[in-house]
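Asks: Top to bottom, those sequences are chains A and B.
Using the numbering used here, the first residue of the first sequence is number 1141, and each one after it goes up by one.
Using the numbering used here, the first residue of the second sequence is number 2, and each one after it goes up by one.
Hints in this document: simulated from the structure, not taken from any laboratory.
Note that the Cβ used here is the ideal one computed from N, Cα and C, for glycine as well.
A hint or two may mislead.
Covered stretches of chain B (chain A as the covering partner; in silico rule of three or more C-beta atoms under 8 Å from a C-beta of chain A) [to be verified]:
(1) 195-204
(2) 221-235
Taking lysine to aspartate or glutamate pairs in the EDC-like style, the calculated list, with each CA pair at most 20 Å apart, reads [to be verified]:
(3) B:K54 with A:E1520
(4) B:K509 with A:E1520
(5) B:K58 with A:E1293
(6) B:K125 with A:D1467
(7) B:K54 with A:D1521
(8) B:K354 with A:D1521
Chain residues, written in single-letter form:
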Amino acid sequence: MFENLSYLALQEYWWAIVSLLGSLLVFLLFVQGGQTLMYTLGKTDSEVKVLANSLGRKWEFTFTTLVTFGGAAFASFPLFYSTSFGGAYWVWMIILFAFIIQAVSYEYRSKASNWLGTKTYDTFLYINGLVATVLLGTAVATFFTGSLFSVNEMNQSFWQSPFHGLELAFNFGRYATYINLSLGLGVFFLARVLSILYFMNNVDDKAILERARKKLLPNAGLFLVFFLFFLINILVISGFNYDPVTKVVNMESFKYLHNLLAMPVVLIILLLGVVMVLWGIYRALFAYDKCGRKAIWFSGAGTVLTVFALLLTAGFNHTAFYPSVYDLQSSLTIENASSSKYTLIAMSYVSLMVPFVLAYIWYAWKSLNKTPITVKEMEEDSHSY
Amino acid sequence: MEHFNLALVDWSRAQFALTALYHWIFVPITLGTSFIIAIMETIYVKTGDEMWKRITKFWMTLFGINFAIGVATGIILEFEFGTNWSNYSWFVGDIFGAPLAIEGIMAFFMESTFIAIMFFGWNKVSKGFHLTSSWLVAIGSNLSALWILVANAWMQDPVGMHFNPDTARNEMVDFWQVLFSPTAVNKFLHVITSAYTYSALFVIGISAWYLIKKRDVIFFKRSMVVAATFGLITSLMMIITGDESARQVYRVQPMKFAAMEGLYYGQTNAPLVAIGIFEKAPNPNNPKAKEWAAKIEIPNMLSYMAALNPHAFVPGVHDLVHGNKEQGIVSYYDRIARGKTAIQALADYKAAKKAKDTEKADASLTVFKKNYKDFGYGYYDDPHDLIPNVPLTFYSFHTMVGLGTLFVLIFILTLYYVVKNKISNMKWLLYIALWSIPLGFLAQEAGWMVAEFGRQPWVVQDYMPTLTAVSNIDHTSVMITVLLFTITFTVLLIAEIKIMLKQIKGFKDGGH
């Protein structure tokens, strides 16, 4: 069935799959957001334990989605994988270290003889929550603002900054850095908002939920400030267009705005996503008793739709999704960075498993989340974190 | 070779070796104990005996502690292909990336979804659903091993692909050939059965400690029965698949095979050096060749092991470097010349394409295709640079084989005495079982050293040497990350061991 699709259609299909994984990842970063709020929302050891366990039953999904995102990017757009990971070395290494320290922290935080002490593992979780969200957001923003690299005729990439990616977040002499950081901080505050909504769904503790509600508004406000700064900027900046016939890359004014207007479905998904995120926050703030528990589903689904639409805007409609501001013609497009047609077809058959995977994840979550987590349950559970 | 940054290559290799070796401390225990736990829980569900539930939970706790650090050390490997081996990622990403993506979609989600049920679902889901989850965790873990091992096997025996000169990379043409190549099938079976064997040693060793201390004797005798039975079956399978793996190495990586056996000069009726010690190289004209200080040989065995024919010719290092017309072996000197021709032809093809000189492009492409199978050799001038570290490969191989054989014996004796209910009196066997945990680890790492050091200098056999595969970054950056990984992983390992020991020492079966 996939054999009948054109090479370009397969490349677009895979960009959509990678975008979907990326958007699910951003939603699942609520785990990271929650890790930065554990000691804000929990004031006693048992309250912190409830929060840690609430997040601890989900952290692996975020982790696995990140790993699958990396694998899918490697399989479908290997030139992006080699250019970005090999070039922006320090950004990715810092992100990876943040995930390494997270992976042991839940399991070890409350175990006897854990050597480093609970506070250290909780600090690891905080670092992961802060660094992973800000840097992943910053890295995604470069899909719109570009990076410094070149690709030679053998398709070997060369990063053109000695800071290997750190310049994307810390070169304050370049305006694009502010756009990058605004998405990084936007993702950070969004993750905190989503975690608050998640706790409202998953935790049954009056004191924690009271504090969570108080923290929702300031975090939502900051998210909106940074996100709108990013969104407005990318709608007005020049973007990286390429000619569908000659494949020559050129700068086009209002490129991303043009993309959204040229792809009304994507525009609708974006608007729907933003509205759903805001609707979830609004309902949690002003109709908490009625539907506070359900708010995460609105804002979560809205997050997936928003990020999905943004990533489609970055890669579709003859747009270079990983642009180079050092050498425009080295910019990566879904056409020049993808795997061969055969590999994309083979991988497309594998992608048919995704709905099945989502179905069993949903079923397993449902089985575990029949009732929200309580302090009492933590005291009785021998495997609690 | 002078234009390659060899310091970068060395540091990149050091980082990959470090992270992979650390990761592999934990992975085999996950692969095998997940099945052992699932078997224990099955017995619980079938018999309704609460002690089996407690046994399951005890080993599950140790599994969880080990699993967390396995995940922590594993994430870097997925991304390291890009961060440190970006040229490799492009050159073979069209083939190598697919198994990694399938691993994520097919295996990691299964593992992470059902592990939550396994740990937290005891009172939330039915017995049947919980048991199914435990089995799915085991299957998911092992599926992830399948895909990464397929990817590794492909690097040792690249099949199912062709080189596309326009994109300057290898592209997949047959997915099934990649998945079911004899090297891939054998590698997967050999690695997982060896992991199961190590896991069985882990369970038996810890159980032995309790029996030495005379604590919770029945509890740990039961654990031992399951682990020894499991270990005996898997260790026998490990030996069978190991034997077949050696034949695959002989077929596709003759230099590695020669290194595994310390065979410098090829011969018919080749004997197998069962035990051997090298002395320093005596020949100034061939400084890398080493003589034996002492050895015990089994006549004709190497020929038989390689080709199932006791009289078969087995090429040595010298035959591969200098060629052997009689046996139809092309020398590395010739292969280097062909490789250089291929590299030049590819450059000519690219230049001609750019200049729109179709005739020259076609002619260059013809030359390129004719010589492509020796492409990687063209990056070298001296054939001796194409020889792996023979003593290291030899000693690693023999350590692995010797310990593997010992483990079979340990399983047989343990099973015999535990069934006869005499195991508590066999203090010597209990101590051996306890010490077999580090020995199992040593055998695991030795196996990977054979596989990875033995194939040097290739990252993709014959096509891509390690020195062309690295990312174009400064070696100082890699040096710093090596240091950071060393510190981080060591700290986490110490924490893991301390927690594990505390759990083991502090355990007392609450069912009494």
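Asks: Can the restraint linking B:K54 and A:E1520 be considered satisfied, given a maximum Cα separation of 20 Å?
Replies: Given that 20 Å is the threshold and the Cα spacing comes to 17 Å, the pair holds.
Asks: Closer than 8 Å Cβ to Cβ for three or more residues is the test here. Does the segment 195-204 of chain B pass it with chain A?
Replies: With 0 residues in contact (Cβ-Cβ under 8 Å with chain A), the coverage given for the segment 195-204 of chain B is violated.
Asks: Given the hinted pair B:K354 and A:D1521, is their alpha-carbon gap at most 20 Å?
Replies: Since the Cα atoms of B:K354 and A:D1521 sit roughly 68 Å apart, the hinted pair is violated (cutoff 20 Å).
Asks: Holds or violated: B:K125 and A:D1467, Cα atoms, limit 20 Å.
Replies: Not OK: B:K125 and A:D1467 at ~57 Å, beyond 20 Å, violated.
Asks: Hint check: B:K54 vs A:D1521, CA-CA at most 20 Å. Holds or violated?
Replies: holds (15 Å)
Asks: Would you check chain A against the segment 221-235 of chain B, counting CB to CB pairs closer than 8 Å, and say if three or more residues qualify?
Replies: With 0 residues close enough to chain A, the hint is violated.
Asks: What's the verdict on B:K509 and A:E1520, does the C-alpha distance respect the 20 Å limit or exceed it?
Replies: holds (18 Å)
Asks: Are the Cα positions of B:K58 and A:E1293 separated by 20 Å at most?
Replies: violated (57 Å)
Of the numbered hints stated above, those contradicted by the structure are hints 1, 2, 5, 6, 8, listed in ascending order.
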